[in-house]
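One-letter residues, chain by chain:
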Amino acid sequence: MSYADSVRRISRGEYGFGSRFLHETGVLALLGAVLFVYLLFPFVSFFSWSEGLSTGAFLDPAVLSAVKYSLLSAPISTAISTIFGVPLAYVLARSTFPGKVIVDALIVLPLVMPPVVGGVMLLSGFGQFTPLGGFLSALGIQLTDSYLGIILAQTFVASPFVVITSRSGFAAVDQEIEQAARSLGKGPLETFRLVSLPLARGSILAGVVLTFARAMGEFGATMMTAYHPTTMPTQIWVTFISDGIAATTPLVLILLALGFLVVLALQLAGKRVTFGSK
Amino acid sequence: MSLEINGLQQEYEDFTLGPLDLSVEPGVTAVLGPSGSGKSTLLSLIAGFEAPDAGGILVDGRPLENLPPEDRSVGMVFQNYALFPHLSVRENLAFGATEEGDVKGTAAMLEIEPLLDRDPETLSGGEAQRVALARALVSSPDVLLLDEPLSSLDAPIRRRLRLELRDVLSNLSIPVVYVTHDQEEAAVVGDRLAVLHEGDLVREGAVEDVFQHPKSAFVAEFLGLENVFPAEVMKNGTEETVVDLGSSTLVAAGSPPDGPVAVAIHPDSIELRETTSERKANGNAIPCSVERVLTQHTDATIVLQCGEDRLTASVSRKRAALFSVGDRCQAAVDPADVYLTRRDR
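First to last, the sequence lines map onto chains A and B. Numbering that gives the first Met the number 0 applies: residue 0 is where the first sequence begins, and numbers increase by one. Numbering that gives the first Met the number 0 applies: residue 0 is where the second sequence begins, and numbers increase by one.
Hint data in this document are derived by calculation from the structure and do not stem from the laboratory. Just so you know, even glycine gets a beta-carbon here, dropped at the ideal spot from N, CA and C. Honestly, I wouldn't trust all of these hints.
Claimed, not checked - Ranges of calculated distance between the beta carbons of each label pair, as one might list FRET restraints:
hint, chain 1, residue 1, chain 2, residue 2, range
1, A, Ala61, B, Pro67, 55 to 65 angstroms
2, A, Leu30, B, Asn79, 52 to 62 angstroms
3, B, Asn79, A, Leu135, 26 to 36 angstroms
4, A, Leu260, B, Ala53, 38 to 48 angstroms
5, B, Gly100, A, Ser94, 36 to 46 angstroms
With the hints as constraints, model all of the structure from the sequences given.
Below, the structure written as structure tokens:
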């Protein structure tokens, strides 16, 4: 029996708790279990550290300030990434133009390079001593070490997620469906709004959630461009350096809870990819 | 309302459509051709999904070639229907409608009222086809294009639906361009036929006329006249022409076309006779041997070896029962059923 057959039979409930499947694919299961245990171990050990944590630790002014700045910046960065990233994704999915390969590569680059490198590049473009940064600083607009700096860093690092997932969503929409909308009197923008966007919504939603999660967890580029005001990841680093691992527990727990919500939202987004829900 | 296509041309790396001239009056013009002959490209250019390299498209004298698809008033039924999966059938119809009444009227005309609240994914192939047609018609287009609308259906449903489709389309007073690669479907649904081959329009005319006078070996073969052979004209007359097939001679009614000639004989036009039968004074009787007998529902196909040529004859099952593999016989063909065509396309 093939692996695919086994999976099909499990989905039909033909095995009690998949015991026979596990028996038949024992080597694969064993290899998978090694990674699973490796992923689980830090969580278990961390929660043993956090025993006896008082609720007062969550009310520390530094913790509250970091939570506030993270919650005020990540949604804005996500919104900016979505507003500009979804149209870009559509253009990349539907058109060909000279230099498209370069555009594609540039979009993926922030994902594969260390975020701290992104921070260096942002400083070289928007830092206080650059022409643009200096000009805006003279107008009273601080692009670094400010709330705007956090947004810049988070958007730079996180926006590729929404572009890449939305692009694959748009590419999966049958072009004849869009052509049908055009033949029924709808212009390109109306076709995008009424047909392409709703049909790609599952992928877009997944991209938005991933972008938000990445923005919330952004540390490397943010530390370079906006060490102050501190977001949660930066505050975790500051606390760890000054007070050790135990002191980081409240913020780590908050980020873990948010991470759990993101995973949940992703699973819901995955279900919405089917057209059943209107 | 009329559709005029003048010198339409579209060039790709490995294929060129046209230059193509076609006039489509109200009624159904079936565009027929093998895969890759340019049928779908032609529809794409009329609908405005692609811009032509040259030529014009006019609807009642109104040039379309520079208009975007949404301003052309050209309805289209796609091969896979392209229904909006996130909208109900009613919403699909309302998408292009200007008034709610249009939806109800069109749904009534195509008898799809019971489907209006269904999701497209729950429709059968035949239902989806009718909904797609209704959606294209609800916006009252000036021209209707159908791109192989029955090709994704099973054969029995396809045979039933092409008659229904014929009834609906014949009641429209607009030019309808119906693309198919199935010559039977084209004959049932179309009033006129346009045959495309490698991007060129090789034959155009009333359905009966094109089937009776394919005018080229390619068209004859594509229309199902399985017996197409190159021939040499031996005796050229205005009423009768004698041609040599190499291993036999045939008499054909009428005069031959200019240039190299081919002969086309429909399998239904061949009458099988015992070898002892007398040859009619003006008839053709080709000596053959039975190579294969393929029996179907009500009729049978008999493959004959006639000298170096192989002929296919369609006969009744009862008639086929008289012949076995290896039997000698005569393939009799009336000269009026021997079509002389150009050997090229």
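Quick rundown of the hints versus the structure:
Separation of A:Ala61 from B:Pro67 is about 58 angstroms and conforms to the stated range, judged on CB atoms against 55 to 65 angstroms. A hinted range of 52 to 62 angstroms for the beta carbons of A:Leu30 and B:Asn79 is inconsistent with their spacing of about 42 angstroms. Separated by about 53 angstroms at the C-beta atoms, B:Asn79 and A:Leu135 break the suggested range of 26 to 36 angstroms. Take A:Leu260 and B:Ala53: their Cβ atoms lie about 58 angstroms apart, and the range 38 to 48 angstroms is violated.
B:Gly100 and A:Ser94 have their C-beta atoms about 38 angstroms apart, which keeps the hinted 36 to 46 angstroms range intact.
Hint compliance for this structure: hints 2, 3, 4 are broken, all remaining hints hold.
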